[in-house]
Amino acid sequence: MSDEMMDEGGKVKKFLYLNRKAPYGTIYALESLEVVLIAAAFDQDVSLAFVDDGVYQLCKGQDTAGVDMKNFSPTYNALGDYDITKLYVEKESLEERGLSVDDLMDIVYEDEDDDWAEKPSIRLVSRTEMAEVMEQQDVILSF
Amino acid sequence: MKFGILVNEGPYQHQASDSAYLFTKAALEKGHEIFRVFFYHDGVNNASRLAVPPQDDRNVTQRWSELAKEHNLDLVVCVAAALRRGLLDENEAKRNGKNADNIAEGFRISGLGQLIEAGIQSDRLMVFGD
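Respectively, the protein sequence lines represent chains A and B.
The numbers in my numbering rise by one with no breaks, and the one at position 116 of the first sequence is 156.
The numbers in my numbering rise by one with no breaks, and the one at position 68 of the second sequence is 70.
Rather than coming from a laboratory, the hints here were simulated on the basis of the structure.
Check before you lean on any hint, since a few could be wrong.
Stated by the list, open to error - No farther apart than 20 Å at their CA atoms in a straight line, the calculated lysine to aspartate or glutamate pairs in the EDC-like style are these: (1) A:Lys51 <-> B:Glu68; (2) A:Lys61 <-> B:Asp132; (3) A:Lys54 <-> B:Asp125; (4) B:Lys27 <-> B:Glu68; (5) B:Lys4 <-> A:Asp178; (6) A:Lys54 <-> B:Glu119.
To be verified - Simulated DEER-style distance windows between Cβ atoms: (7) B:Gly33 <-> A:Leu164: 43 to 53 Å; (8) A:Ala157 <-> B:Arg60: 48 to 58 Å; (9) B:Gly33 <-> A:Arg137: 43 to 53 Å; (10) B:Leu52 <-> A:Asp146: 39 to 49 Å; (11) A:Thr115 <-> B:Asn98: 17 to 27 Å.
Glycine included, each C-beta is placed from N, C-alpha and C at the ideal position.
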C-alpha cells in the first residue's frame, strides 16, 4: 500500500479495474466504465486491464445500430482526460480471438511530464506480466 | 481486518449474493469489521423488499436486513444501477414521478463514490460476482 498522503486525509491506493466481458450482451462493461469515471475523481492510482472477452471492449469500428444499444466505445478515448493512462491488454486473450493490437482503438493520453506529448495508453502485456500487474495492486475490481 | 464487500449479482439467480452474505456473517463472527456492503449491477435487486421467495427457501433480502440491524452494517445500493432496474427509495420515487418505492429496511441508495471509498478505507475489498 502506498503511504503517500492526499489532501482529503485519504491514502492513494492502486486500483485495477479488470474487464473480462464483451462490451454488449451484458451490462458489465458499461457499468464498469461508469465506476472508472467516478473513480477518477478520487485521485487514486487507476489502471484498467482487459482479458478474455474483455479485449473486445477496445476494438475499433464498433457499430451497435443493429442491437439498438448505445455505442460507448468513444468513452475509452476520453480516459486520458481523466488521468487514466494505463490500459493493460493481455496478448494471449487477443491472439486466442484472432485479434491483434491493430484491431484496437488508438487510445492516447497527453503526458504532462513530457511537454504534453501524445502517448499510447494501451500496454500490451503477456499473461505472465498481467499476473504481475495484478500482484502490484491494492484493490482489484473484477467485472 | 476491515473488509469492504461488493455484490454484483442478483438474488436466487446467482450464488454471489449468498456467498457475500455468508462471508460477511462469518467475518463478523470472527470479530472482523465490515466497512460497507455495496450492491452494484444486478446486485441492486438484493435490496427489493417486494420479493416473495417460497417459504421453504432462504429470504436473501430479509437476511441482509437482519444482519444489518444486528451489526449496524452499511448496505449501500448504487443509485444509477438501481434506477435503471426499478429499485427506488421514497426520495427517488418522488423525484422520478413514480408511485411506489421498494427498498428494504437497512439498505440505502447512494452513489458509486461509496464503492471507491470502501476500496480506499478497507484493508480488503471482496468482489462477489460472475
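Hints, one by one, checked against the model:
1. A:Lys51 <-> B:Glu68: violated, 33 Å
2. A:Lys61 <-> B:Asp132: holds, 10 Å
3. A:Lys54 <-> B:Asp125: holds, 13 Å
4. B:Lys27 <-> B:Glu68: holds, 11 Å
5. B:Lys4 <-> A:Asp178: holds, 14 Å
6. A:Lys54 <-> B:Glu119: OK: A:Lys54 and B:Glu119 at ~13 Å, within 20 Å.
7. B:Gly33 <-> A:Leu164: 43 to 53 Å: holds, 45 Å
8. A:Ala157 <-> B:Arg60: 48 to 58 Å: Given range 48 to 58 Å: holds, Cβ gap about 57 Å.
9. B:Gly33 <-> A:Arg137: 43 to 53 Å: For A:Arg137 against B:Gly33, whose Cβ atoms are near 46 Å apart, the range 43 to 53 Å holds.
10. B:Leu52 <-> A:Asp146: 39 to 49 Å: The hint (39 to 49 Å, Cβ to Cβ) holds, given that B:Leu52 and A:Asp146 are roughly 47 Å apart.
11. A:Thr115 <-> B:Asn98: 17 to 27 Å: holds, 25 Å
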